[in-house]
Amino acid sequence: MALRHLVAGAAMLAATAGAASAATITIATVNNGDMIKMQKLAPKWEAATGNKINWVVLEENVLRQRVTTDIATKGGQFDILTIGSYETPIWGKQGWLVPLDFPAAYDTADVFPGVRDALSSGGKVYAAPFYAESSFTLYRKDLFDKAGLTMPAKPTYDDIAGFADKLTDKAHEQYGICLRGKAGWGENMAFVDTLVNGFGGRWFDEKWNAQLNTKPWHDALTWYVDLLHRDGPPGVTGNGFNENLALFTTGHCGIWIDATSAAGLVYDKSSSQVWDKTGFTAAPHGVTANGTGWFWAWAMAVPTTSKQPEAAKSFLAWSTSKDYIKLVGDTFGYTVLPPGTRISTYANADYIKAAPFAETVKASILTADITHPTKDPVPYTGIQYVAIPEFQAMGTEVGQLVSAALAGQSTVDAALQKAQDSVSSTMEQAGYK
Amino acid sequence: MNQRARYHPVAGTAAWIVALVMFFPIFWMVLASFKPELEAIATPPEVFFTPTLENYQTILERADYLSFAFNSIFISVGATALAIALAVPAAYAMAFYPTKRTRGTLLWMLSTKMLPSVGVLVPIYLFAKNLGLLDTRTLLIIMYMLMNLPIVVWMLFTFFKEMPKAIIEATRIDGASQWQTMIWVLLPLVLPGIASTALLNIILCWNEAFWSLNLTAHDAAPLTAFIASFSAPQGLFWAKLSAASTLAIAPIVVFGWFSQRQLVSGLTFGAVK
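Those sequence lines, one after another, are chains A and B. Residue numbering for the first sequence follows our numbering, beginning at 3 and increasing consecutively. Residue numbering for the second sequence follows our numbering, beginning at 138 and increasing consecutively.
Just so you know, the hints here were simulated from the structure itself, not pulled from any lab data. Do not take every clue at face value.
To be verified - Pairs of lysine-lysine residues, derived as DSSO-like cross-links and limited to a Cα-Cα distance of at most 30 Å, are as follows: (1) A:LYS95 x B:LYS266; (2) B:LYS266 x A:LYS54; (3) B:LYS250 x A:LYS76; (4) B:LYS250 x A:LYS309; (5) A:LYS54 x A:LYS148; (6) A:LYS76 x B:LYS266.
Please model the complete structure; the sequences and the hints are all you need to start from.
As structure tokens, then:
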């Protein structure tokens with residue numbers, strides 16, 4: 003019944019989109035669980051519409067470089083791009099993406115407004131969200147019980163540091179805290195940016211003056227470096243999401259602050275040894291709660307160079323629809339629904355029952371406001387990034403300096419002064435000042 | 138005194154150690170490809186485990202391995218054949234009829250290898266787009282041929298240089314043309330050198346990743362793109378990535394194993410000793 007409904011829906015979308023004849027579309031995407039499920043279910047859309055899909059799966063950074071080259075040179079190699087909430091408004095504003103206009107059956111009002119806004123520019127939506135995430139705190143309930151500790155619903159950074167100190171037992175390879183240390187704007191800086199926000203810091207003041215050598219940055223980084231030295235695992239400068247996931251699921255971390263998308267992976271019995279011992283709560287906060295949980299969405303967009311824009315839009319509408327999310331649940335189980343995009347997902351009793359982390363994830367995503375990421379006003383949007391084209395390079399450079407401070411190759415103050423000089427110079431050259 | 142009598146135990150042991158160090162990452166990769174994901178990233182690493190074919194099953198379900206492998210073979214062999222066809226006459230001319238600019242030309246050709254590839258990505262991408270060659274095997278054959286041509290010319294040049302000039306003079310006295318001299322006299326003599334150059338070139342083409350990832354999408358993607366598609370930003374993927382890498386290198390390892398005698402004899406035949 004569900005399948006018939008879905009196929010009928012897809013056929014309707016194809017008809018609405020005016021796909022008069024069969025087309026072949028090429029989709030550039032990343033290799034993650036949600037995208038793999040989409041590849042497995044896509045033949046249903048192909049059967050319903052007569053269209054065909056060629057998949058190009060690439061590593062995230064390679065994908066960004068590949069897609070940027072193709073769009074900038076108008077190569078026209080792809081009909082659908084998998085891009086994030088950082089690129090979407092920038093590329094949309096530059097006229098690289100086709101504005102999306104969904105049929106009524108898509109129910110745009112069902113998409114979380116924050117998610118929709120993050121994928122828009124100038125009032126136009128440029129990408130359809132496939133899944134969205136924030137950041138939150140994962141902790142080992144069994145270790146907390148054993149140590150007589152209680153995790154608050156909204157912990158502070160001081161709470162986290164105190165718990166981590168008590169949970170660390172390095173002789174038994176048990177580390178109180180696991181955090182990202184690997185350099186990169188999407189790696190260590192994702193966490194560090196939320197930390198700085200929580201300590202009351204910001205990247206720029208309202209006139210685009212860099213603020214990296216200010217007290218909040220100093221305090222945040224000192225907290226980060228000291229805590230990881232005391233209670234973190236060895237080789238922390240090499241740890242990104244995947245490494246910390248491996249450490250946490252094999253029982254080596256007491257607390258891990260990272261993406262809400264970790265919940266489904268930690269809760270997966272087949273690949274996690276701690277699936278039944280893990281608790282979830284909000285990301286910690288400091289002097290402010292603004293920007294302490296990040297926001298990210300993977301979405302699909304149609305480049306203006308697409309040779310099959312109508313078929314591409316038809317696929318977007320199908321693969322981000324309510325019916326598609328239901329199909330994922332019916333096929334793969336409700337624990338693994340694409341999270342964070344639609345209000346109806348969290349009204350689904352099957353999902354709430356299968357995924358005990360769902361409400362915490364929803365609350366984290368709803369709290370994350372990319373338009374108010376800091377305590378003091380800023381001229382930019384974005385929580386763990388600054389939504390300007392220059393940020394990728396700047397974020398990665400600052401990430402390397404932070405990583406060097408973590409490795410003990412420089413002091414926190416020296417790293418921040420270098421970061422301040424470099425960011426100021428970049429902003430001056432880019433004409434912001 | 139024969140060769141065996143000159144065997145030196147210290148040198149022999151050092152050679153074994155170097156060989157084992159070089160082989161270890163490949164051994165570890167193959168081992169990881171037979172582990173479940175959790176065991177593949179376990180610390181301390183697990184050497185004894187129950188092997189599984191699950192990773193191979195998963196990647197073969199998700200990607201068309203044969204299509205990627207066919208593209209790798211077609212592109213590597215095509216680029217090598219084209220490079221050899223262009224390099225043989227060039228190396229012959231430079232070896233036997235050098236001018237005062239020959240040495241400079243050779244050095245200049247080699248210097249092009251020092252240019253970072255990413256520096257010419259956009260012009261080449263635009264060039265390929267305007268010629269309608271993006272995501273075609275033809276484009277990668279041309280790119281790989283151009284990329285490796287300096288090495289091929291250099292290697293063939295050193296092989297030709299080893300040939301005594303008296304042979305050329307004798308054939309010319311016997312009335313052979315330059316073309317006949319090259320085809321019927323010199324080529325058979327340097328055939329081991331050409332074979333080893335071709336083998337090395339195939340391996341270089343097979344392993345190239347930058348251009349294959351940037352210039353192909355679906356139709357012409359070789360095995361390097363196949364491997365890249367199993368690297369994941371989130372989630373455990375080492376065992377599957379290891380399985381994909383094992384499948385990608387398997388054909389070239391088998392090929393290298395069967396041709397190692399020719400490869401070694403060819404390399405020691407010329408100046409690359």
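- Take the C-alpha atoms of B:LYS250 and A:LYS309, compute the straight-line distance between them, and say whether it is at most 30 Å. The hint is violated at about 36 Å.
- Message: Does B:LYS266 sit within 30 Å of A:LYS95, going by the straight-line distance between their CA atoms?
- Response: Given that 30 Å is the threshold and the Cα spacing comes to 25 Å, the pair holds.
- Query: When you check the alpha-carbon spacing of A:LYS76 and B:LYS266, does it fall within 30 Å?
  - Reply: holds (8 Å)
- Is the Cα-Cα distance between B:LYS266 and A:LYS54 30 Å or less? holds (23 Å)
- Message: So if I understand the rule, the pair passes when the alpha-carbon distance is 30 Å or less; does A:LYS54 with A:LYS148 pass?
- Response: violated (55 Å)
- If you draw a straight line from the CA of B:LYS250 to the CA of A:LYS76, is it 30 Å or shorter? The given pair, whose Cα atoms are some 28 Å apart, holds under the 30 Å limit.
Hints 4, 5, counting from the list given before, are not met by this structure.
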